[in-house]
Amino acid sequence: MATMEYQGYKIENIAKGKMDYYVYTELCKGCGLCLAKCPINAKGEKCLSWSKEVGIYQTPAVEPDPALCIGCGTCALICPDSAIRLEKKA
Amino acid sequence: MAYKLDIAPALPDAQNEEVGASKFCPGCGHGMVLKSLAFAIDDLGIKQKTVFGVDIGCCLLAWNYLDVDTVQNHHGRTTPVIYGVTRANPEAIGIAYMGDGGGLAIGAQHLVNAAVRGERMLIVLVNNTNYGMTGGQMAPTTLPGQVTETTPYGRDCDATGRPAKGAEMIAAIANPEKSYVARATISNMRKLRSTFKKALETVDKGGFAFVEVLSVCPLNWRTNNVDTWARLQQMEEYFEVKEFVSGSEGQNG
Ligand SMILES: Cc1ncc(C[n+]2csc(CCOP(=O)(O)OP(=O)(O)O)c2C)c(N)n1
Ligand code: SF4
Ligand code: SF4
Ligand code: SF4
Ligand SMILES: [Mg+2]
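Residue numbers (this note's numbering), protein chains in the order written: chain G, 1 to 90; chain A, 1 to 253.
Same shape as in the complex, but just chain G (with noise of 0.2 Å):
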């Protein structure tokens, strides 16, 4: 199988420091489902938002407020497209 690269972004040190969160542009299609699962979101607090980098159709990605993010990983469990990836850092 060839060894594929992927394109994206990294937003480090959510989870109080405790993980690092990645953004898969050619992934992401910016439907926006994440935005409304997101528990913190929910509280009214805007914690996963629209990004400035955009996605596979040049509609915007999303990424998330280091400071608010508890690393909860709904977001990434429910991408349809896998966009999402949460790693607890070494």
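I should point out that these hints are in silico values taken from the structure, not numbers from a laboratory.
On a predicted model such as this, the values are computed, not experimentally measured, just so you know.
Incorrect hints may have been included.
To be verified - Here are the simulated DMTMM-like cross-link-like pairs (lysine to aspartate or glutamate), alpha carbons at most 20 Å apart as the crow flies: (1) Lys37/G - Glu237/A; (2) Lys10/G - Asp6/A; (3) Lys191/A - Glu240/A; (4) Lys16/G - Glu63/G; (5) Lys4/A - Glu12/G; (6) Lys23/A - Glu26/G; (7) Lys18/G - Asp6/A.
Following the hints, position chain A with the ligands against chain G.
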């Protein structure tokens, strides 16, 4: 600007990494259903013996989604093609993937007879309450009052009957001792994965499994992100999310 990332996305092993973004519309539920199915295939380590059949409808866009042998079929005919495969090759685990139109309209006779005979296969029926691929016409599952291309004033149940409840119908006719029948939803992704796992375990033991998944079609529903989830919740009120038959669980034979 985006740059090259040092780690790959967290895809299931049974998903075909090389295709990149799926062919589904932004926010389509098919992606969530398929990724859960692929994780369940990983959980059981059955990728090598799985044969995947996709129906016509938006399902066909999954012809290269999984990293397993895949066959694309005529509309409604995925069920007989897949049990043909598992009858000829008893080692194979067959999965027939279809929409609500494919399973409950044009392919309903196959669904009924596969369930009655207890064919050794998993049928996944993705219920998005319309014919997605052809532009959002009324399907057997369209909710009462729902506006579609062919019900511009809302579905009138006096004229068109009531929405078909696939999981209840299959639960009523499948052999309770050798079948697994459930309705799941993409609003609970962990449960969806474990439901697929139980269904595939049933098939691995020689049984029949049917999983209807409540899904979303934001394109034809013309819904934004918030309204898409809200519509799914309405569907969950109409179509009960539950395990109807779990006969073969804990059985070894
Ligand atoms: C024999 C036949 N009849 C009709 C069609 C046209 N057709 C293509 S997809 C489709 C319906 C798809 O709806 P569904 O099965 O619910 O899948 P979805 O696209 O919603 O996932 C129809 C009627 C066809 N391709 N073949
Ligand atoms: S990250 Fe996923 S769920 Fe969120 S907007 Fe992008 S494609 Fe949609
Ligand atoms: S990990 Fe949880 S808190 Fe952080 S953006 Fe995603 S859904 Fe919101
Ligand atoms: S038409 Fe609907 S079901 Fe088909 S890919 Fe688009 S959102 Fe998904
Ligand atoms: Mg459909």
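Outcome of the hint check:
no., hint, verdict
1, Lys37/G - Glu237/A, "holds, 19 Å"
2, Lys10/G - Asp6/A, "holds, 10 Å"
3, Lys191/A - Glu240/A, "holds, 14 Å"
4, Lys16/G - Glu63/G, "holds, 16 Å"
5, Lys4/A - Glu12/G, "holds, 15 Å"
6, Lys23/A - Glu26/G, "holds, 13 Å"
7, Lys18/G - Asp6/A, "holds, 18 Å"
Violated hints for the displayed structure: none, as all numbered hints are satisfied.
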